[in-house]
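K.L.:
Produce the complete structure using the sequences and hints provided.
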Amino acid sequence: MFSREQLERYSRHFVLREIGVAGQKKLLDAKVLVSGAGALGSPALLYLAAAGIGCLGIADFDTVDRSNLQRQIIHNQSRLGQSKALSAAATIHELNSDVHTEPFADTVTPENIGSLIAGYDFVVDATDSLESKLMINDACVLGKKAFVHAGAARFDGQVMTYVPGRGPCLRCLLGRDIPHQEGNQCALYGVLGAATGVLGSVEAMEAVKYLLDVGDLLCGRVLFLRGLEMRISVARLERDPACDLCGDTPSIRTLADRAEDYRFDRCATAGGEAGE
Amino acid sequence: MSENELYVDLREPRVYECGSLPGAVNIPLDQLGRLYDLPHDRRICVYCQAGIISEDIAELLREAGYDAYSLEGGYRRWLRERAAADGFCGGGAADGTLAQSVIQPAVEALISQER
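These protein sequence lines are chains G and Z, in that order. Adding 5 to a residue's 1-based position in the first sequence gives its number in my numbering. Adding 7 to a residue's 1-based position in the second sequence gives its number in my numbering.
Bear in mind the hints are in silico, worked out from the structure with no lab data behind them. No residue lacks a Cβ here, since even glycine has one placed at the ideal position from N, Cα and C. Each statement offered as a hint is correct.
SDA-like, lysine to any residue: derived pairs with alpha carbons at most 25 Å apart: (1) G:K30 / Z:Y43; (2) G:K150 / G:F229; (3) G:K31 / Z:P35.
Not the full set, but computed from the structure, chain Z residues with beta-carbon under 10 Å of chain G: (4) D37; (5) R41; (6) Y43; (7) D63; (8) I64.
Simulated restraints on C-beta separations: (9) Z:E10 / G:P169: 55 to 61 Å; (10) Z:E70 / G:M235: 43 to 49 Å; (11) Z:I59 / G:R171: 26 to 32 Å; (12) Z:D37 / G:R258: 48 to 54 Å; (13) G:E234 / Z:D74: 54 to 60 Å; (14) G:E99 / Z:R41: 24 to 30 Å; (15) G:L100 / Z:H47: 30 to 36 Å; (16) Z:E70 / G:E23: 18 to 24 Å; (17) G:N81 / Z:H47: 41 to 47 Å; (18) Z:D74 / G:T112: 52 to 58 Å; (19) G:G198 / Z:E70: 40 to 46 Å; (20) G:A192 / Z:I59: 48 to 54 Å.
P.N.:
So, in structure tokens, the structure goes:
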């Protein structure tokens, strides 16, 4: 049964036909892993915690830096130097004590990601490098785990959702010749905090919709944000039958097959790489 | 309605004040915490406008140990059945002044809630 505090806290959910009592129970029973407690992870974690996702995994090896505070709003000035995973967990506990957090302050690697994601119902890619995004994509496709991808740079970004067997993966979007880029793209190109807020929030919405099985996911679709023109568009994307990972004859069968893809320090926005 | 039953009106206070079931207490949906103030020794009948959200709330109450159920069709259906019983024809003249004074403001509130 719900406590009195939960009746008050989730009252705006009980009224929604898509959620209701049964839906709120589903959310409280759910386990979501958010990989990255940074710019995308901050809004995603905050809104998932607020919604009452019962268990939130938080994977981030890094510590809070002053340059993070321009956009990583789950942290604050008193957390400088602290583990981001633990800082995020602390903020979540102050927001909603219903939420159990599982901070993972170590580096996510091809060796540990498989067992890490296995324990969750849904994964949120909130990382800041193309190598991490490819690793999450590959691990989730191979592990048959639904996840949402997002990437952001400057005022722009994109979001797409992967559901096993139902639509394209990130490799279908990026194509087979994924450009190598040296250096940290976010530091080079810059990014507006509010843009990451929009995209991370969309990721949280997709996670909630997936857990409740309501609405239409960005599965087979990609949402593009062009923040300066303030244009949001959604484009259809088909699964690529020639995709190395989810295509008809995949060449990637384990994370060891493309370990080199996970090693470069790059930021991913589908538009930014083309230099639009 | 038996002596032991207690009606709970889940609608907004403004709508509740225009008309509600006899003796109903108003617990609007943004004050659901008050549900646990309800007495456990009464049979709780929850209702809303159409009888949809009230089903969820009744289930919630049952899980908290209440003898609770949802009014099928909500206030809308109850009002329609009351209006028919009192002879109000919804377009023509009402039969009795009493019926009209009870039902008309409630109908207006209901119509204003209708999308």
